[in-house]
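Please take these sequences and the hints and turn them into a complete structure.
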Amino acid sequence: MSFKKFNPAVEKLFKEMLAKEEEVKSQEWESEESVSDEEMTRRFVIQISV
Numbered sequence: 372m373s374f375k376k377f378n379p380a381v382e383k384l385f386k387e388m389l390a391k392e393e394e395v396k397s398q399e400w401e402s403e404e405s406v407s408d409e410e411m412t413r414r415f416v417i418q419i420s421v
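Sequence positions in the sequence shown follow this note's numbering and run 372 to 421.
Wrong hints could be hidden among the right ones.
[As the list claims (entries may be wrong)] Okay, the calculated beta carbon distance ranges per label pair:
1. PHE385 / ILE419: 49 to 55 Å
2. PRO379 / ARG413: 49 to 55 Å
3. SER420 / LYS386: 34 to 40 Å
4. ALA390 / PHE415: 46 to 52 Å
[Said to hold, decoys possible] Below are the DSSO-like pairs computed for lysine-lysine, each with C-alpha atoms no more than 27 Å apart in a straight line:
5. LYS376 / LYS391
6. LYS386 / LYS376
7. LYS383 / LYS396
8. LYS396 / LYS386
9. LYS375 / LYS391
10. LYS375 / LYS386
Just so you know, the hints here were simulated from the structure itself, not pulled from any lab data.
Note that the Cβ used here is the ideal one computed from N, Cα and C, for glycine as well.
Structure follows, in structure tokens:
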């Protein structure tokens, strides 16, 4: 990364790379933490049958 706006093109590219990495991480986390409709239904049925 450049220092104090010495190379704005490099800084812009670095920021874009960081944003893409953050988006990928966010999508991975969301897919891991998401519950499918079938799983939600199964859990609901278990809860109401207790």
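Measuring from beta carbon to beta carbon, are PRO379 and ARG413 in 49 to 55 Å? Roughly 53 Å apart at Cβ, these two residues keep to the hinted range, so it holds.
Can the restraint linking LYS375 and LYS386 be considered satisfied, given a maximum Cα separation of 27 Å? 14 Å, holds
Keeping to a limit of 27 Å between CA atoms, is the pair of LYS396 and LYS386 held or broken? 15 Å, holds
Restraint status (C-alpha distance of LYS383 to LYS396 at most 27 Å): The given pair, whose Cα atoms are some 20 Å apart, holds under the 27 Å limit.
Taken at face value, is the distance from the CA of LYS376 to the CA of LYS386 at most 27 Å? Given pair LYS386, LYS376 holds - Cα atoms ~13 Å apart, limit 27 Å.
Between LYS376 and LYS391, does the CA-CA distance stay at or below 27 Å? Satisfied, since the Cα-Cα distance of roughly 21 Å is no more than 27 Å.
C-beta pair SER420, LYS386: status relative to the range 34 to 40 Å that was hinted: 52 Å, violated
Satisfaction of the hinted span 49 to 55 Å by the C-beta atoms belonging to PHE385 and ILE419: 52 Å, holds
Holds or violated: 46 to 52 Å for the Cβ distance of ALA390 and PHE415? 37 Å, violated
Would the pair LYS375 and LYS391 pass a check requiring their Cα atoms to be no farther apart than 27 Å? 23 Å, holds
In summary, the numbered hints that this structure violates are 3 and 4.
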